[in-house]
Amino acid sequence: MAGLAATLGNGAMSNSIPEIEDTKCLFVFGYNAADSHPIVARRIVRAREKGAKLIVVDPRMTESARIADLWLPLKNGSNMALVNAFANVLIEEGLCNKDYVANYTEGFDEYYKMVQKYTPEYAEKISGVPAKLIREAMRMYATAGDAFILYGMGVTQFGQAVDVVKGLSGLALLTGNYGRPAVGIGPVRGQNNVQGTCDMGTLPNVFPGYQKVTDPAVRAKFEKAWNVPQLPDQVGRMLTDVVHLTREGKMKAFYIMGEDPVQTDADAASVREALKAMELVIVQDIFMNKTALHADVILPATAWGEHEGVYSAADRGFARFRKAVEPKGDIKTDWEILSMMATAMGYPMKYKNTEEIWTEMIGLCPLYSGATYEKLERLGSVQWPCTTAESTGTPYLYAGNKFDTPSGKGLLFAAEWRPPMEQICKDYPLVLSTVREVGHYSCRTMTGNCAALQTLADEPGYLQIHSSDAARYGIEDEELLWIASRRGRVLTRAQVTDRANAGTVYMTYQWWIGACNELTAENLDPISKTPEYKYCAVKLEPIKDQVWAERYLEEEYSKLRHELSQPVR
Amino acid sequence: MGKGIIAMAEKVLTVCPYCGAGCQFYLVVENGSIVRAEGYAQGRTNQGELCLKGHYGWDFLNDTKRLTPRLKRPLLRRSRDAEFQEVSWYEAINFAATRLQEIKHKYGADSIMLTGSARGPGNEANYVMQKFARAVVGTNNVDHCARV
Amino acid sequence: MNTFVIADPARCIGCRTCEVACVLAHSTGGVAALSAAHFIPRLTVVRTARVSAPVQCHQCEDAPCAAVCSTNAITFTSNSVQVNQERCVGCKSCMIACPYGAMDIVTTERVERTGSGVNERAVRVKKVEAQKCDLCITDPTGPNCIRVCPTKALRVVDQKSADASMRRRKEHAAEESAAMTN
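Protein chains in written order, with the working numbering: chain A, 1 to 569; chain B, 570 to 717; chain C, 718 to 899.
Some hints here could point you the wrong way.
[Stated by the list, open to error] Below, in silico cross-link-like pairs of lysine-lysine (BS3-like), each with a Cα-Cα straight-line distance of 27 Å or less:
1. A:Lys-113 <-> A:Lys-409
2. A:Lys-50 <-> C:Lys-887
3. B:Lys-673 <-> A:Lys-559
4. A:Lys-221 <-> A:Lys-350
5. A:Lys-350 <-> A:Lys-212
6. A:Lys-212 <-> A:Lys-250
7. A:Lys-328 <-> B:Lys-580
8. B:Lys-675 <-> A:Lys-332
9. A:Lys-350 <-> B:Lys-673
10. B:Lys-675 <-> A:Lys-323
11. A:Lys-125 <-> A:Lys-426
12. C:Lys-869 <-> A:Lys-24
13. A:Lys-132 <-> A:Lys-98
14. B:Lys-641 <-> A:Lys-221
15. A:Lys-24 <-> A:Lys-132
16. A:Lys-24 <-> A:Lys-53
17. A:Lys-212 <-> A:Lys-402
18. A:Lys-250 <-> B:Lys-673
19. B:Lys-673 <-> A:Lys-323
20. B:Lys-580 <-> A:Lys-375
21. A:Lys-350 <-> A:Lys-332
22. C:Lys-887 <-> C:Lys-869
23. B:Lys-580 <-> A:Lys-323
24. A:Lys-375 <-> A:Lys-221
25. A:Lys-117 <-> A:Lys-75
26. A:Lys-212 <-> B:Lys-634
No wet-lab data here; the hints were simulated from the structure.
Chain A with its partners taken away, still in its complex shape:
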């Protein structure tokens, strides 16, 4: 978000998911579409069948890497060095579009100064990717005509994330890959409505429609519409600030709607400690979860399928979702609960339905003002910006190569590579990276209660490990083992696979017993404040008595299930 917003003026995907299959070159960086977004993976497969070149940068042999023309297996934690080397090749080999750079970008001189020392040979030392392969990848990318970059959490979940995103957006600027179909850059969002949550301004710095809270004119508009004398004018705190602010005694209450930070946030022990220290924890959710165990009050909400509304797809596409079944029990929609809370706190709030809320919202947001319920119904899906009654939406941004930055130009930006904050050592000799599970989602409360998905994958989840590492520890495929970091120790099951690179192990983050966020470190990116989920140092401890381990797993799992069902009788 923060990276693309700085260089291009807009944090969303520049182009659409359907356009992926029509590009001439797909450049996939730290993004495993097969496990995160199978329906995007389908477009990658189709692009390749239509003749597109496919370049994949990933330490693992992902499904995309398997069918790629070029696979660049980089060392975990070396993203920035490699991206700088890409820019170096584009410039030094004359592969960039000089007219485009002159007319539509700014910051070239400083950018060039920074990337100059990142020759492919220099980057090879850091990333392990052969210099020749770095050159070949950029020749393929730059000469394709239309090229589309896709990136994912292999970029964003590092301590140095925003810099890398900016760097990637620069490669498309150097080669003039914006402002037309089937080009550009796409951060593909992890959860179904991350884009929508940003769009709606559940961010500390912007109102809905990306209107800054620090802008007096914007505040005046919202103050008038919401009928309040004064709205706060300082940028608020981020979720990742909660742990340290609570420790400092500055954060006292936490109202959590539809999230499970104990399960999904890095360093789970610190999150629990913060929740315990809070004077008030309100949890509003659909299932009992690990966070709710620390609540004072739990407000039961309706789930997807039981209420209606609008989601935003990763490519800025608004679409309506609808109620299919009646909710069971004494539960209410999230917006009804919030309205009751507001009214009880002296601010009368009453909405008839989601359409009334939506209409109020688009009336305050120029970016979405033409995207009425009626239009969403008629067209099925509308991609913002949609600013007029006539507009059918905007499949790709930056038409005419006009960017949404203050100057209207795309910003070229590079930064020095910084190694990950926690390094491997004698005691913790392996890198742990957290990844996705195709059949499960986020904290697993929804998918873990789905029969088919639970059948395919259940506790304690798998640790993907290269056969050479497994052999060194004497670990067999499917065996249970302990994995420990400086912060915790959990039980997991080995999946010996040469798709993982030697020296790094991979865990998916849904599990209660194999809870990898008991291990991860809260090393935050200085700008986005996203924790370094993709890199921490760990050690493995094989278990001799597998019969005991299987029994222990079964017991722990039933204990946890019992604990979580206890409050709901």
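The hints should help you fit chains B and C onto chain A, whose structure is shown.
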């Protein structure tokens, strides 16, 4: 699943609650329960196709209790060592609103953190959440779990 | 020739949606009845270091499984190889004989009623069966794995599609030889 009764079933067009691909599909509902998902050929991003979660990710709505039970009533405990008690909506809201108001008066609005949800609730609920944070609590401390 | 289902590894993304569809196609309880202990799909997604693809019965013309079956439970029916479960004794010969690892030996359990009136009672009957891809032969919509695959990695190969493919290849070869002699 008997295929002969499709005609009696109701089809509800919706958007998948899992990843951000925005797949559109029908939930087929019979006698008030979902029986299957069916791809929607005009779906902008998915063109009728669905993945594992799209096809088989809806039965949590039947409260299968395979992992955790659904929350069905407001729950409250007046001290952290106490057990949760089922309470009325009035009591739960009254408790939460009063305590929030007290904390706001004692420590200031910026001692309160709120979250939106990038999952099931939808855009309208998130709009109302940030409005609640800003206009009612009086803080910009509102965020959600996946930011970059 | 026999009809069979084959996967294109260049399209498979290893998601296992086909496995779930397969199990559901061969059970009666719907999604709710699924459990890890009884999840035995008749095709298996295999992921080696370099390849992802579901593997299932090739419906061989000269099927080794049928050749070794001592009870004649495996027969050629409707352009496919089918197992007649009434005759199967679970001897496992077919499992050993199959070069594709596509035959599973599965213990099934069903409830049968015996006696009548006050003596009526339910007994659980265990049976061992040889199971493999039956092309969803009783389902008019065809193999369910093909229907659900999000990347269309699976397809049916039958006489007609094989003929068409062979014709295309021959035409291609003819054009290539023309180009060589020009």
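Pairwise hint evaluation, A:Lys-332 against A:Lys-350, where the allowed Cα distance is 27 Å at most
This hinted pair holds, its Cα atoms lying about 14 Å apart.
Is the Cα-Cα distance between A:Lys-212 and A:Lys-250 27 Å or less?
The given pair, whose Cα atoms are some 24 Å apart, holds under the 27 Å limit.
Restraint status (C-alpha distance of C:Lys-869 to A:Lys-24 at most 27 Å):
OK: C:Lys-869 and A:Lys-24 at ~22 Å, within 27 Å.
With a cut-off of 27 Å on the C-alpha distance, tell me whether A:Lys-350 and B:Lys-673 pass.
holds (23 Å)
Between A:Lys-50 and C:Lys-887, does the CA-CA distance stay at or below 27 Å?
holds (23 Å)
Are the Cα atoms of B:Lys-675 and A:Lys-323 separated by 27 Å or less?
With Cα atoms ~41 Å apart, B:Lys-675 and A:Lys-323 exceed 27 Å; violated.
So if I understand the rule, the pair passes when the alpha-carbon distance is 27 Å or less; does B:Lys-675 with A:Lys-332 pass?
This hinted pair is violated, its Cα atoms lying about 30 Å apart.
Holds or violated: A:Lys-350 with A:Lys-212, Cα cutoff 27 Å?
With Cα atoms ~26 Å apart, A:Lys-350 and A:Lys-212 stay inside 27 Å; holds.
Do the alpha carbons of A:Lys-212 and B:Lys-634 lie within 27 Å of each other, as the hint requires?
violated (43 Å)
Between A:Lys-328 and B:Lys-580, does the CA-CA distance stay at or below 27 Å?
With a Cα-Cα distance of about 20 Å, the restraint between A:Lys-328 and B:Lys-580 holds, given a limit of 27 Å.
Proposed proximity, C:Lys-869 with C:Lys-887 (alpha carbon, max 27 Å):
holds (25 Å)
Restraint check for B:Lys-673 with A:Lys-559, where alpha carbons must lie at most 27 Å apart:
violated (38 Å)
Comparing the model with each numbered hint stated earlier shows that hints 3, 8, 10, 14, 19 and 26 do not hold.
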